[in-house]
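Student: With the hints as a guide, bring both chains together as one complex.
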Amino acid sequence: MKAAQTITLRIVNALGLHARSAAQLAKLAAQAKGGVWIDKNGNRADATSLLDILTLACPQGTEVTVSIDDEADMETLEQMAALIRSGFGE
Amino acid sequence: MEDQESQEIILKGIGGSPGICIGKAYLVDKEGVDVVKQYIVRKAFLPAEVGRFKTAVRKAGEALQRVIDKTPEELRQHVQILETHMLLLKDKMLYDRTIEVIEGEHVNAEWALKKVVSQVKPMFENMSNDYLRQRAEDITHVADRIMENLVGGEHVNIARIDKRVILVARDLSPAETSQIQLERIKGFVTNRGGHASHTSIIARTLEIPAVMGVGNATLKINNDDIIIVDGGTGTVVVHPTEQTLLATEERREQYEIRKAQMARTSHLPAKTQNGQLISVMGNIELPEEVVALLDHGGDGIGLYRTEFQYLSRPDFPSENGLFENYKDVIDVMGNRPVTIRTLDINGDKAVNYIHENQEANPALGLRAIRYCLRKPDIFQTQLRAILRAAAHGNVRILLPMISGIEEVEKAIALIDDAAESLEKQGLAYNRDIPIGIMMEVPSAVVTADILAEKADFFSIGTNDLIQYTLAVDRGNRHVAHLHQPLHPAILRLIKGVCDVAREKGIPTYMCGEMAAAPLFAPILLGLGVEELSMNPQAIPVVKSAIRSLNLAGIDTLIAEMMRLTTARAIQDFLTQHFGEAVTRLGAAGSDQ
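Chains as they are written, first to last, in this note's numbering: chain Y, 3 to 92; chain B, 344 to 935.
Any given hint could turn out to be false.
As the list claims (entries may be wrong) - To give an idea of the chain B side of the interface with chain Y (calculated C-beta under 10 Å), a few residues:
{"#": "1", "residue": "T427"}
{"#": "2", "residue": "M466"}
{"#": "3", "residue": "M470"}
{"#": "4", "residue": "E585"}
Calculated directly from the structure, the hints in this document are not laboratory data.
What you are looking at is a predicted structure, and each value in this text was computed from that prediction instead of being measured.
Note that the Cβ used here is the ideal one computed from N, Cα and C, for glycine as well.
Excised from the complex, chain B in its bound form (with noise of 0.2 Å):
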């Protein structure tokens, strides 16, 4: 407010996650977070100390009953909530089992307060209604409070925010954001990253809009100035004017409605209005995910990962067991495709009772295909399982980290034998399904032609394929920045494997970051690839773009695109011919 004769300042970045929003600034310098410290309190200084929560608790109720007497009329609403943040206050489980925890067991009021909210808060938020897991964050929300008053006022921290903001960081590590009460942020603004990033992908999971890469946002945005995020042109708007946030609230609200307009269309086709129909898929790790998958409209699985039941036990699963796993999703899946990974056991995710030899180099190691062939007896288990699970649905087999045609050839005997041992067995199975290549090494996709003739299909796996092509790790924030999906390589060879699978007469799918993003549905469907499948969450969007869309001509634009000679001008590209349409959708989609 007090910065209205402020020039207002357009910063350019890259949208990480779509959606608008209007609020005031939140620093976070490099020291990054503080937490809230735990120390002990000696025996005769406790009764001090249960006083000082006392007083803590009394001053936030203070606080709150002058919020309440100032709420006009017209907020009554508003004011109901915070009469029960009043009770809140003293309810037995937050106040008496604080006061117990510090007399019990001698720490600091900070560290019993923030001890007794992270055992009540996972009661509601494991709740199954919707309503009682929303009350989460009424106990944050009062223990925020006291907090304050127990810390005093001036030491706000980022574990601890009371009100609603937009965090704007260099970078922000994985660690820094599991510090953050998400449920307080209302968007991001980084210097660095893109959408492939971790805050991204946060970003898109809660649904909050996201920009990155803006550069020098840091030292831009001041602390507490007002600024606008729109996560679906990667802009974010420093001091905008009245007229800026007049025309911003109206975009919002837009948005907003033709959000809920695409979830209300999720479950309908993804046809472009020219008439081209493609499947988005969702991925999967959890059989329970299967539900979120078809609640936001998926046709299918397109990537159903089968890691978590080998790291969940301390042991190898049982044939029954992973066929019972399997079974179970592609019951409630129907006649619906469910695309499954082999295992695909890697340097993140190491296996504990597989640590034969600790690698250098996990990434380029002993891991998926190259873990199973090696250890056949394994593989066996698994595509067992999968071939009893194919008589009861729907199944693919996808085969990871395929780097050569041998791995193919001897993975497909394995399979071979597997359908014969349970022949002989007289069990039910299913040989008879579509067996895919993980276009994920960059070698599998120079030589798509030659393994195209023992393939049914091809599925890209982006996350992968972009960090072998660029030699980056994600993973690493000095690097990270160059995980470019639409780095001109990384779009070469999408469309080599796209050229061959059309010569060769497969279907080239995708899975990945990559497939998620609606800004790249046009040219990922111009260049042939007829599958998208992506996490559960971000399938009504992509399906709303896509029927937004009108692919007549992409040809010319595409041969344009690939001219292009750095990322951030294929981003442009792409912003300035979709960017809008991108925006804007729903609205062409639901109209129908």
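Only chain Y is shown next, with the shape it has when bound in the complex (with noise of 0.2 Å):
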């Protein structure tokens, strides 16, 4: 098992984390090989499950953290956290 990997960030769309956007976060995380997750204020979330990510409740300025269990699935962390700083291209 290789160290765990994270990356914190904030919100910038309006929108916030809506259904969209977090389905486009969970079809990312479906890729990777071990869990991921997505943090905000100390509630997990398993980001491969949108509705797990929906009750977040993650407006616009949320500073939320994605982490990765396995290193290996850097790729989709670096995926993911590029989709929310592009504000998922609204």
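Tutor: And the structure:
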């Protein structure tokens, strides 16, 4: 088992993590081999579950931490971070 | 569609909740509602049960995909929702958990899915963000699609309606209504019931149209018939012609626009066209409801029900606890009036620590003021809390269930005692506040002239007044249709209260369902009711209705109305004279 990796960043799009943006994240996370997580204020959501992400309730400006359990999923992590930074292309 | 040649039929009923909808009828027969069954699956069959669930999900996914593929370019927005639903089908919180429940609890797939959905949905329903709260509906939608494949397509039931329908029933009991997924329902039509029936109240709360008391709706309407429900005029159209559909669609749009206008204008005062200003107030039970009340433009609290603080705990609340509760509400309301009704514990809200002896007839038993006068120490605690809170705002006391002058005198003596004891202790209080009488027992109405000597205001509680006057328990489905606010007896009693109050120089207010009906507003104001208090959702509509009214010459109409002999005749009279104005509301109110 390799070390976990995390990236902390802010939700920039106006709508925040709504169904469509969360769905894009969940789709990316589903490609990972190990666990992918999104943390907000000590609450953790399974990034492969759209519903779980939504329960975090992340409006614009929320700080979230995306993390992977397996270093092999680094690319997934970076893709997810890029997607969040880009504001989900909104 | 296939019924194009069918003749258009118009059915008349009573408007239970305003609004217009067009849709397919869904008939509920007398067997009522069937629900998802639970059964135990033996261990050896669990893999097959899981397989059955997976197949149902796969089929639901295929069906969704077909819909997506068939959706034309211009409906892309819609497809995005469906793509979200595709993801939800396999979401861990639904899919994996359902399988866990099947395997862990040895139950059938339907039950496991139902259980998981009932755990996940509230997580969304309880969220403060509107958008996220609405996602609960996506979950229902997806679960319904799976459920349909589990049970088999043709077995549609009320608890699992997969399309938006108009419910048509003889009558719906609260128990039945509670099993319906109300977000699926576009409108209600029932044979029985009236404006105050449970279904009407639910419909008004959900802001969907309802027509009650149609009589033969379940005979004239078949499953899947296209029908139009107009809750404003109380009409149902079966097999509408193309022209009717077009005209209705136009009116529906107009109505939606007016509703939006009403919401925007709800903060403006409710002033009639001839310059009469009316206070439109809200009824609340929980301190939290104050926010909704102000959002909907309430001018104050006309009825603050205080039972909740007593019912939500195992023992009696302390004076300080009550004081804090009242003060919270008063602080938010600022200078607006807060009418606190003293403890009205009754039959359907029996406090579990008071059940000293069971009563055969609780509605006529030891409740409200009778109970408080029997237990002066409990009453004293509440009165002290109210007087202390009154030092912080515009408070009135409302005494419920008064049936004669002695009760008023005793209550006032106890209020004086409370003030005196507060004075001695040096606590801040205000005794100089209006004390009013709830006019809900016929004997109080008949002796209004006597009561007026001791009261600063009257507030007509229509729900109980109707129940006691007409001897009708509206919770009893066999007689609920007799609960008629427009019964000539009720109108005479209301007129009696208003006439006496005017003569004695005190104001008359009204709380209860009747105050929330826009169609009743002209006559209530015409009779002399100065303040209407209702559930907060109803405030914008009633305010709008009042703004569109011109009450010059109302006396003549009232005299004419008072000569009518039946509730139905009076209903028709009101619809004829004000139905148009009330349905068109907002139009007149918004352009000034």
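Student: Quick one: which hint numbers does this structure break? Sort them smallest to largest.
Tutor: 4
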